[in-house]
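Residues per chain, in single letters:
Protein chains: 2
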Amino acid sequence: MNSLLIAPILGVVGMVVALVVYQLVMKYPDGEDKVKKIGDQIHNGALAFMKTEYKYLLVFIVVLVILAQLFLSTESAIAVVVGALCSSLAGFIGMYAATKANVRTATAAQQDGAAAALSVSFYGGSVMGLCVASLGLIGLGGLYYFFNGYEQGVHALEGFGMGASVVALFSRVGGGIFTKSADVGADLVGKVEAGIPEDDPRNPGVIADNVGDNVGDVAGMGSDIFESYCGSMIASIAIAYTMGRTDLMMLPLLLASIGLFASVIGIFIVKLQSSKAPASALRSGTLLAPVIFIAMAYFLIDSRGIETNVWWCVVSGAVGGVLIGLITEYYTGGNPVRKIAESGETGSATVMISGLSVGMQSVVIPIIILAAIILASTSLVDGVYGVGIAAVGMLATVGITMAIDAYGPVADNAGGIAEMSGMGKEVRDITDSLDELGNTTAAIGKGFAIGAAALAALAIISAYSAQVSATYGDAFSLSLENPIVLVGMFIGICIPFLIASITMTAVGDAAFEMINEIRRQFKEIPGLMEGQADPDSEKCVEIATTAALKKMMLPGVIAVSMPAIVGFGLGAIALGGMLAGGLLGCVALALFMANAGGAWDNAKKYVEKGNLGGKGSDTHSATVVGDTVGDPFKDTSGPSMNILINVMAMVSLVISGLLPLNGIFF
Amino acid sequence: MNSLLIAPILGVVGMVVALVVYQLVMKYPDGEDKVKKIGDQIHNGALAFMKTEYKYLLVFIVVLVILAQLFLSTESAIAVVVGALCSSLAGFIGMYAATKANVRTATAAQQDGAAAALSVSFYGGSVMGLCVASLGLIGLGGLYYFFNGYEQGVHALEGFGMGASVVALFSRVGGGIFTKSADVGADLVGKVEAGIPEDDPRNPGVIADNVGDNVGDVAGMGSDIFESYCGSMIASIAIAYTMGRTDLMMLPLLLASIGLFASVIGIFIVKLQSSKAPASALRSGTLLAPVIFIAMAYFLIDSRGIETNVWWCVVSGAVGGVLIGLITEYYTGGNPVRKIAESGETGSATVMISGLSVGMQSVVIPIIILAAIILASTSLVDGVYGVGIAAVGMLATVGITMAIDAYGPVADNAGGIAEMSGMGKEVRDITDSLDELGNTTAAIGKGFAIGAAALAALAIISAYSAQVSATYGDAFSLSLENPIVLVGMFIGICIPFLIASITMTAVGDAAFEMINEIRRQFKEIPGLMEGQADPDSEKCVEIATTAALKKMMLPGVIAVSMPAIVGFGLGAIALGGMLAGGLLGCVALALFMANAGGAWDNAKKYVEKGNLGGKGSDTHSATVVGDTVGDPFKDTSGPSMNILINVMAMVSLVISGLLPLNGIFF
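Protein chains in written order, with the numbering used here: chain U, 214 to 879; chain F, 214 to 879.
Bound-form chain U, shown alone (with noise of 0.2 Å):
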C-alpha cells in the first residue's frame, strides 16, 4: 500500500469509531419529558451558535481564500477551505455528541448509577477527542497525498494551518466571551440579584451558561487543539522539506497515525475500568495511551530506518506533555488553592494577591520544562526538527487527552440538567463527583493545551524563519543584535498584553447585554418567578452569541493583520522578532491567566465544601471574588493566548514566500 496513505485512511477509522462510540452514547435513554427538553433547548441553544459563528466566519475564509488564490496559489486557497471545514467539523461533531451526551449522562446517573453515568459522559467527550485526531489526519494527510506531486504541495499544506487557525479563533475566542458573558450575567442577576439557586430553570439565562459549557469549552477547545496538531505536523513538514530531508516529511502523519490507533486503546482501558474509581480509570487512560505510543513510535522510526535520536524528541514531547498537566493540577488543585482559601480570611483583597501570585509563580516551571524540550530535541537532531516533532510527540495521543478533556464539561452539564429538572441529591452527588474530576482534568488539558500551543508556534515559527532563509540567504538574520529584530520583540510583547485587555473588556460588555436582557424577563415576563411561565432562553443565547462575535472581531482582526502590517510595514526580520516577543508574551500570560483562575475557582469550591466557615461565610464571599475574576482568565483571555501565536505564527509563514526583507518603513 502507498505508505501517503496510511494517515488518511487510519482518520477514517478513527471517524468510524467515533460513530461506534456515539453509537454507545445514543444507546442510552435521553429521560423524561422535562431532562429530555432541557436537553433539547442546550442542544439547540449550541447549534444556534455554531450557526451564527459559521456565518461570520464564511465571510473571513472567504476572504482569505481569495487572498490566498490571488497571491499564493490555487493550491493554498484549496488548503484554506479543507482547513477550515476539517476544524469546522470536527467542532462540530464534538459538540453535537457532547450535547447528546449530557442529558444521558444525568439520566444513567439517576437510572444506572456512578460507572454508568462516567462511561456515557466520558464517550461523549470521546467523539470529540477522535474527530480532532481523525479530522487532522483524513484533512492533512489527504491533501499531503494530493499534492505530492506538485511542487507547491508543502506550501500549501500551510493554508490548510490557516484555515484551521482563522476556525479556532472564533471558536476559542469567541466561544470563550460566549460562555464567561453568560455565565457573568445569570449568576449576577439570578443568584445575586433575584435570589435565586444556580442552574434554576425560572432564570433565562441558565440555558446559555450550558450552552456556554460546550461552545467555549468543548468545541473552543477542540479547535484550539485542532489548530496545535495540525499545526506542529505541518511545522515539521516544512522544516524537513528546507532541509531536502524528503525521508522525515511523512514521519509526523506517521506518528500521529499511531497516535489516534493509541488513543483508542486507551479509551478501551477507561473504558474497561470505568467501573473503579473514576478518577483512577481516566489516569490509566491519560497515562498508558502515551507509552503505548512512545513503544509503536520506536518501531516506527527504526524501521524507516530514521536516526534514533528522532525517537528521543517523540520522548521528550510526549513525557513533557504529562509534566506540564501535572504542574497544572498542583497549581490548581494543590497546596496553592488551600493557601488562596485561607487568605480568604482577611478579604477578597489577599484572596487577589495571593492568586495573582499563584498564577504568576505557576509560568515559571512549565517554561522551563519547555526550554528543556527545546534544548534537548535540538541538541539530538539538527536545526529545529526536533522542535517539530518534539510536539508532535507531545500532540499524537490528542485523542485520549481531548476525550478526557471534553468529558468535564459533559458532566458539568449533566450536574446542571440533573439541577434544573429537579432529580434529586443522589443524581446531583454523582455528577457533582464526576464534575469536581471533570475540573481537575479540564486543568491538566489547558497545561497541556498552553505547553503544545507553545511549541507548536515555535515549530511554526521556526519554519516561517527556515522558508524566509531558505529566499534571502545569509541576508536574513534573526539576531538579537540587530535592532530591528528587537523592535519586533517590543511590538511582539505588547499584542498578548492587548489581547488579553479586550478580551477581559469584551466579557464584562457582553455579560452587561445578558444582564438587561434577564432583568427584563423577569420584570415583564408574568408569572416568571412564581414558575407558572417559562423564561425565553432562545433570546439570551441570541443575545450572548451576538455580543461575543461582535466582540471577538476586534481582537481577531489584530491577531491576523498584525504579521501583516509588521511583515510588510518593517520587514521579515522585524516581523521573525515579533512572533518571539509574542511567542514569549502568549505563553506567559496563558500560564499565568489559566492558572490563577484556576487555582481561584477551586478556592472557593474547597471553601464550598465546608471549609474555613463555607458556604455564605465571609471567607466564601471573600473566594467568590476571585473566582468571578478568574472566569475571563481562565475561560476567555487565558485560552486566547495559544490561538492569537499560533495565528500569528501561521499567517506569517502562509505569507513568508511575499515578504520583502526590510519593510517599507524601514
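Rather than coming from a laboratory, the hints here were simulated on the basis of the structure.
Please note that a few of the clues may not be correct.
One copy or any two copies: either way a pair holds, since identical chains are not told apart in the list.
Once the Cα atoms are required to be at most 30 Å apart in a straight line, the calculated DSSO-like pairs of lysine-lysine come out as [stated by the list, open to error]:
no. : residue 1 : residue 2
1   : K404      : K552
2   : K404      : K240
3   : K268      : K752
4   : K736      : K552
5   : K268      : K552
6   : K552      : K484
7   : K752      : K552
Following the hints, complete the assembly by docking chain F onto the known chain U.
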C-alpha cells in the same frame, strides 16, 4: 581645563546647590512640640531603617568586592565600593532632607499658606534630585578621570554600576516591601479592626507607614533612577570603547553635566512660579528643563565635532521620556480611572477585572514608544551607541525629574503629620491639594523610571553583547535561530514573573507580622486607645525593617545569581537570550503593575471625592479592594522590575569577560 574634570566639578557644584537648597528647607520652622515630635519619630524611623539596611548591604558588597578583586581587577573592586557608596549617599542625603522637609511643609502650610508649603516640599524633593545627579557625576566622572590611564579603566567603571545596582536592589525592593507592609498593617488593624481614622496618632503603625513613604518612594526611587542614570552612561562609554570611538566616550558624562545644569535652572523656574498654581509651576519646570538641555546638547555636540545625528538620539530619548510620562498620566488619571470607579457599582470583582484590563492595555503605547526610540536611534547612529545616548538623553535632566517625583512623598507625609497633630481642616486642605498633585507627578515619575530603566538596560545588554563579541568574534551570535538563545529567552521571561510573585507574597507575610504587633500593642498598652499612653512606634518600624530586609533576600539573590548561573551553566549566548527575555518581561510587567496600581488608587480617590456615592458607599468599598491589591502592584512588585533587569544586565556586563561561549551543561 582638562575636560575630564568637567563632570566631577559640575557634580561638586550640584552638591553645593543641594546644600543651599537644604539650608532653605531648614530655614522654615519645624513647628510646635507635638508636630516636632512626630517629625522626629518619622525622621529617626527612616534613619533606623537605613542603618539596618546598610548593615545587610555591607555583607553583600563585601562579597562582591572580594569576587571583583579575585576574578576581575583591583580597579573593579574599587569601583564597586565607590558605586555603592555614591548610591547610598544619594539615597541617604535625599531621604534625610525629605524627612526634614515634611514637618516644615506642614508647619508652612499652617503659618504661611499654600505657596510656602509648595516651596518647602519641592525644595525637600530637590535635594534628592540634585544629589542623584551630582553624586552620579562625581562618582562616575571621578573614576573615569582616575582610571583614564589604566587599560582596565572602562571595564572597571562597570563595577560602579554593579555597586549602584545592588544598593538599588536593597533600597527599592526592601523599601517597597517595608512601605506596603506598614501601610497594609496600619490600615487593617487601625481603620478596619479598631475603627480609628487613617493617620491616627494612637495607631502604633502610623509612624512606620509614614517612614515607609520615605524609604520606599524617596530613597528607593532615588536609587532606582541613580542606577539607570549611571547605567546608561556606563553602557554608552563601554559601547563607544568597543567601537574604538574615543571621541564619543566622554559625551555621556558631558551630556549629564549639562543636564544637571538644566535641572538647576528648572528648579529655579519652579521656585519663581511657586506663587502661581502648583500644577503649572511643576509642569513648566518639567517641560522647560528638557528643552534647555536639548538646546545646550546641540551646541555641545556641535562644538566637539560629533555628527548631528547623535544629537537627534538625545532628542528622541528626551522627548520619548516625556511622552511615556504623559501616557502614564492618562492611564492612571484619565478616562480609564473613571471607568474603573464606575465598574465598582457592580462590586469588587468588576473593579479587579477592569483595573487588570487597564493595566494590560497601558503596556502597549509606552513599549511602542520605546521601540520607536530604538528604531530611530539605531537608524541615526551606527550600532547601538545611539540607544545608549538616547537613554542618557532621557535621564540627563534627572535632577528636576527626581525633584518633582520626591516632592510627592514629602507632601504626602506633611498631610499625615498635619492629621496626626490635629492641625485642622484648612491646613489639611492645602496638604491634600499638594498630595493630590504629588500623586500625578509620582505616576509620571514611575512611567518615566520604567522607560528609562528599560532603555538603560537595553544599552547595558548591548554593551554586554559588544564585549562578548570582542572576545569571541563571530562565534558569538544572538540569533533567534540558535535554540540556546530561545532557551535563554524562555528562562528570562520566567524571572520577572517569579520575582513579582515572591515580592507580592512578601508584602502579605511582612504585613502579617505588623498586624500581630499592632494588635498586641492595642491589647497590652493600657490607656492607648484613650489617648493617654503613647504607642511603641519604634517597635513597629523595627519589625517592618527586619521583615522587609529578610523578605528581599530571596529575590535579591535570584536577581544577582541568575546571570552567573545561566552564564556559566549554559554559556554567554544563552545569557544574552535570558537578558532579552528578561527585558521584555520586566518592562511589560513593570508597566502593567505600576499603571494598574495607580489607576486603582485614583479610582478609589475619585469615589472618595464624592462621586458614585462617595465614601462609605458600596462602590467605595469595591474600589478599596482595588486599591489594596494595587498597593503591592505599584509600590513593591512593579518597581522591583526596573531594578531586576538592570541588576541582571549589569552583573552580566561585569562578568562578561569570564564567561564561556557555551556553558557546562550545554
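Item to check | Unsatisfied constraints (hint numbers, rising) | outcome: Checked against the structure, the hints that fail are numbers 2, 5, 6, while the rest are satisfied.
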